[in-house]
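**Q** Protein chains in written order, with our numbering: chain D, 1 to 269; chain F, 270 to 528.
Simulated from the structure, these hints should not be mistaken for laboratory data.
It is possible that part of the hints are untrue.
Listed next, the in silico DSSO-like pairs over lysine-lysine satisfying Cα-Cα at most 27 Å (straight line) [claimed, not checked]:
hint, chain 1, residue 1, chain 2, residue 2
1, D, 79, F, 291
2, D, 83, F, 355
3, F, 355, D, 79
4, F, 386, D, 79
5, D, 83, F, 318
Across the chosen pairs, the derived CB separations fall in these ranges [to be verified]:
hint, chain 1, residue 1, chain 2, residue 2, range
6, F, 441, D, 237, 48 to 56 Å
7, D, 261, F, 444, 40 to 48 Å
8, F, 325, D, 258, 50 to 58 Å
9, D, 56, F, 328, 46 to 54 Å
10, F, 335, D, 258, 52 to 60 Å
11, F, 505, D, 94, 53 to 61 Å
12, D, 145, F, 284, 31 to 39 Å
13, D, 217, F, 380, 46 to 54 Å
14, D, 217, F, 382, 21 to 29 Å
15, D, 107, F, 285, 31 to 39 Å
16, F, 380, D, 56, 33 to 41 Å
17, D, 134, F, 380, 43 to 51 Å
A quick note: this is a predicted structure, and the numbers were derived from the prediction, not measured.
Every residue gets a Cβ at the ideal spot worked out from N, C-alpha and C, and that includes glycine.
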Amino acid sequence: MLSYDFMQRSLWAAALVGAICSVIGVFVVLRGLAFVGAGTAHAAFAGVTLAYLVGLPPLPLAILFGLATVWVTGVMEEKGQMKLDVSIGILYTATMALAILFIGLMKGYNAEVYGYLFGSVLSVTPEELHTIWTLGFIVLCVMVVFSKELYFIAFDQEMAEASGVPARRIYYLLLSLIALTVVVSLKTVGAILVFAMILIPASTAYQLTHSLSRMTVYSVVIGIVCAVGGVMLSYAWNLPSGPAIVLLATTIFFLSVLLSPKRLRRALA
Amino acid sequence: MGTPIIRFSHATFGFPGVIALKDITLGIAEGEFVGIIGPNGSGKTTLCKAVLGLMRPLEGSLKIFDCSCEKLRCHHRARIGYLPQKGRLDQNFPITVLETVMMGRYGALGLFRRPAKQDREIALQALANVGMQDHRDTALGHLSSGQQQRVLIARALAQQPQVLLLDEPTTGIDITTQHSVLDLVRRLHRDLGLTVLLVTHDINMIRQQVDRLVLLKTRLFAAGAPEAVLKLDILQQVYGKDLVITEKDLIIVEDYHHR
Numbered sequence: 001m002l003s004y005d006f007m008q009r010s011l012w013a014a015a016l017v018g019a020i021c022s023v024i025g026v027f028v029v030l031r032g033l034a035f036v037g038a039g040t041a042h043a044a045f046a047g048v049t050l051a052y053l054v055g056l057p058p059l060p061l062a063i064l065f066g067l068a069t070v071w072v073t074g075v076m077e078e079k080g081q082m083k084l085d086v087s088i089g090i091l092y093t094a095t096m097a098l099a100i101l102f103i104g105l106m107k108g109y110n111a112e113v114y115g116y117l118f119g120s121v122l123s124v125t126p127e128e129l130h131t132i133w134t135l136g137f138i139v140l141c142v143m144v145v146f147s148k149e150l151y152f153i154a155f156d157q158e159m160a161e162a163s164g165v166p167a168r169r170i171y172y173l174l175l176s177l178i179a180l181t182v183v184v185s186l187k188t189v190g191a192i193l194v195f196a197m198i199l200i201p202a203s204t205a206y207q208l209t210h211s212l213s214r215m216t217v218y219s220v221v222i223g224i225v226c227a228v229g230g231v232m233l234s235y236a237w238n239l240p241s242g243p244a245i246v247l248l249a250t251t252i253f254f255l256s257v258l259l260s261p262k263r264l265r266r267a268l269a
Numbered sequence: 270m271g272t273p274i275i276r277f278s279h280a281t282f283g284f285p286g287v288i289a290l291k292d293i294t295l296g297i298a299e300g301e302f303v304g305i306i307g308p309n310g311s312g313k314t315t316l317c318k319a320v321l322g323l324m325r326p327l328e329g330s331l332k333i334f335d336c337s338c339e340k341l342r343c344h345h346r347a348r349i350g351y352l353p354q355k356g357r358l359d360q361n362f363p364i365t366v367l368e369t370v371m372m373g374r375y376g377a378l379g380l381f382r383r384p385a386k387q388d389r390e391i392a393l394q395a396l397a398n399v400g401m402q403d404h405r406d407t408a409l410g411h412l413s414s415g416q417q418q419r420v421l422i423a424r425a426l427a428q429q430p431q432v433l434l435l436d437e438p439t440t441g442i443d444i445t446t447q448h449s450v451l452d453l454v455r456r457l458h459r460d461l462g463l464t465v466l467l468v469t470h471d472i473n474m475i476r477q478q479v480d481r482l483v484l485l486k487t488r489l490f491a492a493g494a495p496e497a498v499l500k501l502d503i504l505q506q507v508y509g510k511d512l513v514i515t516e517k518d519l520i521i522v523e524d525y526h527h528r
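Construct the complete structure from the given sequences, taking the supplied hints into account.
**A** So this is what it looks like as structure tokens:
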């Protein structure tokens, strides 16, 4: 199957998406921002639909919608006006309503739009792969550079602030990175399923270790294996790629829950 | 006694519509061991936040070290090691003891610099100072609460601070462990020459340990040697009828429901 160009492209795209989703996922899981990923994905999808409606390139609008959503929720949480899950819940549904509205306004059926909703890694074009790599590389580099601050705010944001880390700015950086990760992954796993790619590898790794650094390494390995394995399954058994990736990841997650050293330790104690 | 390194001058702190601390004038000298006491809601935690640079005075001023700048988050604040109130820690957070203590280096390192061998040595030394060097690869959540307090104190020490600020370090741990944590703090004060600010509601626990007590209830009611502050008339103004004084100890009835 590797002799096909499209197959090589989709495996590369899947591997990269698996990697960045699983790294950002570590901070999302530890900082308790799970819902933000889901909300951002729907906001970014609204950006894509608007782009198709008015004939603009989808990526910049997806980024714009994604960033706007995370920043608005961040500010609302900070001002103490609203809990994060409430504001993201409202924006989540509002942006989805916008997306449905934009699709309704389109003349006729546009299959490409649905590709962004459900993911279609097997149809990734060389140009799209290039964009995914560029954006993904930037996101990964930023995460590596600021990893110690990101870990610290995940552990205890106030303690980080008190120790002289610019915790607030790092928090907004994290929110922005979540938005960018979602946009990079839209084409591959789709707006509905990208959330799973962020949460599952990190939560699986969470079950397996008590060390931050090991959790990150495990998460990346699991993320890449699930993404690449999912694409291969989808090719071999002629399944849609997004669900194949996510269901493979979910299976590994439940195995890890059953075999978790943390759980076994509790059972023995 | 050395020169004051923390100086509140007619400083008022609060949130919109609420004054938490009013018109505080207080100097903390280098090398002092100061106990901050007062009932719940008296502004003890606000005082911590102010010293840490997490809150700006609404009126008056607060100067830290010899720094003359007005910036709230001046780099000088990294020289204050902080032990937050217990109960905030997620017991399932996947982090080892050494990883926790290494976080003490992050503020001092600043952005873009990665921890080097030297930072690891500082962290290991901090762990040795609290007697936890044998647990460096243990999960933080697997430790007893007294051991966790020690590790978090080591995290503060890894900042190589001049001032150690402890917010209710003995609350929620058993009495034997309380004494061992306090002994540790006293030893660090003596051996490392640290200035210690210890916030607590447990006056009996610390009255023998501190050089000076600061009694707060929104205002500064008294500051001085324990025997000068722990007087019936002063305490009654602050604690009212919740105060019981026995032959040996004074007991404050209202005040032990902190987490």
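**Q** Would you mind marking each hint as holding or not holding in the structure?
**A** Consistency of the hints with the structure:
no.: 1; hint: 79(D) x 291(F); verdict: 24 Å, holds
no.: 2; hint: 83(D) x 355(F); verdict: 23 Å, holds
no.: 3; hint: 355(F) x 79(D); verdict: 25 Å, holds
no.: 4; hint: 386(F) x 79(D); verdict: 40 Å, violated
no.: 5; hint: 83(D) x 318(F); verdict: 23 Å, holds
no.: 6; hint: 441(F) x 237(D): 48 to 56 Å; verdict: 55 Å, holds
no.: 7; hint: 261(D) x 444(F): 40 to 48 Å; verdict: 34 Å, violated
no.: 8; hint: 325(F) x 258(D): 50 to 58 Å; verdict: 51 Å, holds
no.: 9; hint: 56(D) x 328(F): 46 to 54 Å; verdict: 52 Å, holds
no.: 10; hint: 335(F) x 258(D): 52 to 60 Å; verdict: 59 Å, holds
no.: 11; hint: 505(F) x 94(D): 53 to 61 Å; verdict: 57 Å, holds
no.: 12; hint: 145(D) x 284(F): 31 to 39 Å; verdict: 35 Å, holds
no.: 13; hint: 217(D) x 380(F): 46 to 54 Å; verdict: 23 Å, violated
no.: 14; hint: 217(D) x 382(F): 21 to 29 Å; verdict: 22 Å, holds
no.: 15; hint: 107(D) x 285(F): 31 to 39 Å; verdict: 52 Å, violated
no.: 16; hint: 380(F) x 56(D): 33 to 41 Å; verdict: 35 Å, holds
no.: 17; hint: 134(D) x 380(F): 43 to 51 Å; verdict: 24 Å, violated
In summary, the structure is inconsistent with hints 4, 7, 13, 15, 17 from the numbered list given earlier, while agreeing with the others.
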